[in-house]
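There are 4 protein chains.
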Amino acid sequence: MAKIKVGVAGYGTIGQRLADGVAMQGDMELVGVADMMPTLSIQALNENGMIGANGVKYNLYLVEGADKAAFDKKRIPVAGTFEELVGKVDVMLDSAPAGVGAKNKEIYKKMGVKAIFQGGEKNSVADVFFHGYANYEKGVGQSYLKLTSCNTTGLIRSVDCLDRAFGIERVAITIIRRVADPGDYHRGLTNALQIDKAPSHQAVDLMTIMPHVDATGILVHTPVTHGHIITVVAKGKKKVTKEMALAEFQKHPRIRVVSIDEGFKGNASLFKYARDLGNRRGDMYEIGLWEDSIVETGDEIMYAINIPQESVTIPETIDAIRAATEMQTTREEGTAETNKYLGIGKFK
Amino acid sequence: MAKIKVGVAGYGTIGQRLADGVAMQGDMELVGVADMMPTLSIQALNENGMIGANGVKYNLYLVEGADKAAFDKKRIPVAGTFEELVGKVDVMLDSAPAGVGAKNKEIYKKMGVKAIFQGGEKNSVADVFFHGYANYEKGVGQSYLKLTSCNTTGLIRSVDCLDRAFGIERVAITIIRRVADPGDYHRGLTNALQIDKAPSHQAVDLMTIMPHVDATGILVHTPVTHGHIITVVAKGKKKVTKEMALAEFQKHPRIRVVSIDEGFKGNASLFKYARDLGNRRGDMYEIGLWEDSIVETGDEIMYAINIPQESVTIPETIDAIRAATEMQTTREEGTAETNKYLGIGKFK
Amino acid sequence: MAKIKVGVAGYGTIGQRLADGVAMQGDMELVGVADMMPTLSIQALNENGMIGANGVKYNLYLVEGADKAAFDKKRIPVAGTFEELVGKVDVMLDSAPAGVGAKNKEIYKKMGVKAIFQGGEKNSVADVFFHGYANYEKGVGQSYLKLTSCNTTGLIRSVDCLDRAFGIERVAITIIRRVADPGDYHRGLTNALQIDKAPSHQAVDLMTIMPHVDATGILVHTPVTHGHIITVVAKGKKKVTKEMALAEFQKHPRIRVVSIDEGFKGNASLFKYARDLGNRRGDMYEIGLWEDSIVETGDEIMYAINIPQESVTIPETIDAIRAATEMQTTREEGTAETNKYLGIGKFK
Amino acid sequence: MAKIKVGVAGYGTIGQRLADGVAMQGDMELVGVADMMPTLSIQALNENGMIGANGVKYNLYLVEGADKAAFDKKRIPVAGTFEELVGKVDVMLDSAPAGVGAKNKEIYKKMGVKAIFQGGEKNSVADVFFHGYANYEKGVGQSYLKLTSCNTTGLIRSVDCLDRAFGIERVAITIIRRVADPGDYHRGLTNALQIDKAPSHQAVDLMTIMPHVDATGILVHTPVTHGHIITVVAKGKKKVTKEMALAEFQKHPRIRVVSIDEGFKGNASLFKYARDLGNRRGDMYEIGLWEDSIVETGDEIMYAINIPQESVTIPETIDAIRAATEMQTTREEGTAETNKYLGIGKFK
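Chains as they are written, first to last, in the working numbering: chain P, 219 to 566; chain D, 219 to 566; chain R, 219 to 566; chain L, 219 to 566.
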């Protein structure tokens with residue numbers, strides 16, 4: 219079977235990780251990436267000799283309005299235009315800045331190419347609001363999918379995990395949000411906790427993906443860079459004990475159960491661990507779930523998870539390629555292939 | 219009626235605010251404060267000429283082991299020893315470092331003086347674990363009371379407020395804890411969210427004070443200094459709507475209902491506001507409660523509060539003096555007197 | 219002698235402190251302040267009952283484009299328009315957002331009112347770039363003065379102090395800049411040190427005020443809120459020893475010599491100390507200078523100072539009123555009056 | 219020629235990077251690493267299958283007092299005792315906690331094994347205080363060497379670079395120190411700049427390594443994790459212009475000249491760049507030096523460098539192995555071999 223050809227629009231924090239993720243799939247081909255400026259990320263690719271015009275993985279295409287001279291000055295080879303890239307692929311992964319995806323969609327439609335958008339775009343850009351584990355089948359054969367955002371993706375992994383085992387009726391979440399990524403200078407916060415109006419969009423989005431669950435939540439921004447922490451208060455159709463929940467979490471390939479006693483003291487421990495594992499960029503695809511955080515109260519269960527914001531949506535986005543192109547038509551098969559190629563679940 | 223004579227042991231973050239609070243009470247007399255080193259706080263008092271040996275408010279007494287020569291070198295007048303201070307008062311407020319209070323208690327017992335301990339001591343140091351609004355009557359006439367910690371004090375204000383109006387059965391809390399006070403260098407956290415083993419002690423303490431409520435919670439430390447934020451998910455005996463809850467919160471003298479739209483974007487806004495009010499040290503006795511954070515889900519209500527950690531326990535500690543010495547024997551009378559002298563609730 | 223009448227344009231971080239500072243001068247009258255929105259700072263004034271239409275200190279005037287309805291909704295009394303305020307004063311202190319001052323100047327010129335601008339405006343807005351200690355006489359009788367920025371103001375205090383005693387030929391400075399004020403959410407930085415292109419404008423500005431000194435410098439932004447720290451490497455005309463420098467610093471009313479041994483461990487200690495002194499908002503007019511930071515190398519002397527960014531320019535701005543209106547015509551007299559009314563130097 | 223056999227004592231932040239660095243040297247053999255607890259770093263090695271008892275690179279030895287049961291519980295294979303490791307090697311790299319190295323030295327002496335200590339130990343532990351570029355020849359054939367600390371190592375690279383070209387007489391440095399590493403929870407700082415007594419030990423250490431240079435400096439701790447920034451004010455024997463300095467810096471293999479215009483806005487940009495390069499753990503061996511920071515004043519030159527604190531001492535430590543064991547006897551040959559195997563300078 220021919221490999222599915224994939225392009226990536228926008229080589230930012232998410233885009234570069236999508237490109238790496240696609241390149242790891244044995245049944246996909248990364249045709250190229252598109253951007254408009256020779257950012258640090260692109261300079262790093264170039265220093266590594268990983269950009270080329272003929273067969274090297276990360277062929278670089280320029281979007282309209284890009285400053286070609288700036289690339290030439292740094293001797294970064296350019297393979298063509300954004301439209302040329304779109305013309306060569308089966309699916310585009312669109313991780314352009316929020317709002318640009320909607321414009322790009324016109325090009326995708328014109329050229330008959332499927333596309334998968336990230337969480338920053340409006341839901342209306344897509345036919346399906348998608349999560350690899352929670353509603354894979356809804357994405358099968360569709361042309362335009364939109365992924366949930368990083369917090370929602372990780373949150374749904376855990377809620378869907380309990381829901382499939384026990385049935386979940388209601389969740390109330392508190393999102394302790396990291397406010398910037400490492401290397402950001404334009405959106406920091408200094409010595410303040412900032413609160414958003416409730417309910418948080420993540421709770422609303424969860425209800426869109428899992429309409430049988432009632433959800434609400436409060437989000438607080440915090441001045442850190444290494445992962446969001448979410449606390450979840452969940453009510454099951456029947457009483458869910460700590461042991462029951464833990465057993466399910468431990469089976470899920472994209473959930474890494476950790477504990478404070480082992481040394482996982484907070485979000486920075488998971489980043490450190492991923493660095494020590496030798497993962498590229500210190501990334502981790504799994505969410506962390508603290509065993510020592512799981513507590514019961516009445517008929518509810520409460521727990522805390524860690525969301526590696528830079529990389530958590532990569533697996534579900536790869537799932538979306540599989541669903542949209544019908545490479546696999548069931549949740550079990552689709553996610554299993556993604557996991558295999560990304561090396562997810564090896565530690566289980 | 220003669221004024222109740224009060225001494226303060228330990229002139230640290232809490233002790234200096236207790237001293238100020240007592241000095242503001244028209245029916246109490248601040249006899250003196252005790253410490254062992256000429257800290258910055260004591261140097262500031264001295265620069266202001268507020269320490270004296272005869273009649274000036276902040277007479278300074280030295281605990282055993284204090285370095286008297288260090289005080290002399292800075293020309294800070296010393297009025298006597300810790301035991302001498304205890305001999306002159308009706309009640310000691312003990313805000314010594316955790317663990318020292320238990321030792322001090324031996325002196326208080328020997329000299330027949332009542333004492334009120336802060337949250338850092340073990341519960342066993344006291345006859346009653348006390349909260350001015352939730353169990354005032356339990357403290358009436360008692361000799362040794364222990365206050366709840368800063369987070370628990372503020373949390374209980376809000377839960378007790380709803381409980382008295384509607385009956386509360388269960389709460390699940392997420393504490394987003396500020397990790398250090400302004401001016402601390404010894405207990406910071408840098409670019410990390412640190413999680414504690416669940417359930418948090420604040421949830422456990424709430425159940426001690428309010429035994430008819432089932433509570434659990436998760437605590438996450440964050441690298442900020444201007445106030446904890448707690449989210450509360452509460453289940454009432456009957457359905458509590460946003461409007462019902464808001465009406466009760468707005469009536470409570472020690473709860474300040476604020477909103478993001480007014481400009482209260484987070485914990486640092488409340489600190490800024492207190493500075494702009496001209497409050498001494500930029501302190502605030504009230505907890506903040508965001509109107510825009512109140513949301514409903516099923517039969518539960520969720521909301522977020524801000525805890526000004528340096529000053530929030532001062533009113534309830536003053537309440538404890540009133541209860542222990544039977545100045546007022548009911549919750550309504552005791553808290554009303556405290557509020558009057560501290561200027562709490564004027565803005566209502 | 220009639221009091222000099224002063225108005226303040228822009229009741230932000232600097233403007234509110236200028237208003238307080240003017241109100242403390244026995245020979246000045248604060249006529250009013252102007253702003254365009256009911257910010258938290260104005261809400262706090264109003265909660266305190268400090269805004270009125272007849273004789274209360276902080277009469278409030280609205281600039282063009284202000285949303286009067288928003289003030290009415292919060293029952294904040296408004297005394298009139300910006301032009302009406304300008305019409306009642308001898309001098310305007312302009313602390314409007316950067317760039318707005320240049321527009322306001324047209325009004326000041328039209329109405330024949332003197333004005334003093336803050337550091338955010340371009341130098342061309344003023345006749346004189348002013349510093350109370352370094353070039354007071356240049357401002358005498360002038361109509362439009364511009365103050366140096368917070369870092370430059372504090373830096374020049376220390377360099378001018380050495381220069382008058384020993385003669386300074388050259389300085390190389392490193393500015394470790396706090397990136398936001400307490401209560402800011404729009405300009406933070408998270409877990410990063412950000413560097414600006416050299417030389418820093420503060421070094422350039424110093425040369426404008428003190429043209430006989432050669433200066434350069436590097437500025438690094440840091441994620442903190444309680445004061446900049448500047449290290450200064452200065453070369454005297456003759457060798458300046460630590461003892462010589464210290465003796466001069468200790469005599470300067472606006473320099474507070476502190477030490478790590480006393481407990482001043484960093485910028486947050488100075489903020490804490492000002493809070494403990496009971497200073498309004500926890501402000502401090504003096505720069506801190508660490509005795510334990512003064513070191514010699516060859517014919518140079520090196521030391522570190524702390525800049526309380528919110529309040530450091532207030533005294534020099536008051537000096538500017540005195541110079542512009544010829545209340546005092548010499549540096550010694552002008553700064554002495556300012557210091558007297560602000561309570562500066564009492565601790566010496 | 220037989221490979222030099224190397225062991226590493228202490229598999230912490232530095233130790234794990236030393237082990238990786240040695241493993242990359244074609245003419246060295248990493249015999250094993252020693253530690254006492256199954257830390258996260260060791261758990262990560264084990265999850266990767268990189269610990270073994272027969273031939274796998276990271277054979278693990280336990281120091282006295284280690285909890286073997288804890289390793290067994292996690293099924294981490296143990297190859298033997300610390301003494302057994304020492305018995306198999308030519309050189310030990312000692313990165314044990316500060317103070318432990320002095321004790322370990324007794325074992326090294328007893329067993330006749332050379333050792334290289336990190337900066338945390340006292341100078342007296344070693345025969346030579348060593349820097350690969352500044353005094354390589356002093357380490358040739360010696361038994362006990364101590365490396366400079368991370369800041370001093372990077373600082374000396376830049377000063378030695380200018381000194382060899384132009385002669386440097388004096389430096390005054392300001393160290394803007396990151397206070398913790400990513401993943402640290404025990405030594406953070408929150409919203410404060412903390413100053414140390416001057417002169418900083420780094421300036422003193424520089425004079426020990428480069429006795430012909432007069433040096434002083436001030437160190438300020440900042441709440442960040444991704445690299446120290448140092449500003450250097452240097453006086454040459456003759457006037458050194460920006461162009462002259464830049465040309466030398468650009469030739470140095472362990473200095474990476476960067477600019478703000480390229481996107482290197484601060485210390486976090488260099489960490490991000492290393493992650494994007496795919497470097498293990500996001501590490502970088504080179505110091506960064508901002509071209510846009512180089513400025514002149516009088517006969518001095520000023521510039522700013524970035525110190526990647528976790529990895530910067532690795533190359534100079536490898537140099538020390540080469541010097542101590544006389545693999546290469548000149549600075550040029552020794553550093554060139556280290557650079558070759560670590561991939562340093564490829565980008566030049």
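What the hints contain is simulated information worked out from the structure, not anything from laboratory work. Hints may contain errors.
A pair counts as met if it fits within one copy or between any two copies, since identical chains are not told apart.
[As the list claims (entries may be wrong)] Keeping only pairs whose Cα atoms sit at most 25 Å apart, straight-line, the calculated SDA-like set for lysine to any residue is:
#  : residue 1 : residue 2
1  : K356      : L495
2  : K328      : G305
3  : K356      : A284
4  : K455      : V431
5  : K223      : M254
6  : K356      : I562
7  : K292      : K564
8  : K340      : D510
9  : K456      : N264
10 : K328      : F384
11 : K221      : E355
12 : K460      : D414
All figures in this text were calculated on a predicted structure; none of them were measured in a lab.
Hints, verified against the model:
| no. | hint | result |
| --- | --- | --- |
| 1 | K356 - L495 | neither (35 Å within a copy, 37 Å between copies) |
| 2 | K328 - G305 | within (10 Å within a copy, 64 Å between copies) |
| 3 | K356 - A284 | neither (36 Å within a copy, 51 Å between copies) |
| 4 | K455 - V431 | both (11 Å within a copy, 22 Å between copies) |
| 5 | K223 - M254 | within (22 Å within a copy, 49 Å between copies) |
| 6 | K356 - I562 | within (23 Å within a copy, 50 Å between copies) |
| 7 | K292 - K564 | between (40 Å within a copy, 16 Å between copies) |
| 8 | K340 - D510 | between (37 Å within a copy, 24 Å between copies) |
| 9 | K456 - N264 | neither (55 Å within a copy, 39 Å between copies) |
| 10 | K328 - F384 | neither (45 Å within a copy, 59 Å between copies) |
| 11 | K221 - E355 | within (21 Å within a copy, 58 Å between copies) |
| 12 | K460 - D414 | between (31 Å within a copy, 17 Å between copies) |
Hint violations for this structure: numbers 1, 3, 9, 10, all remaining hints satisfied.
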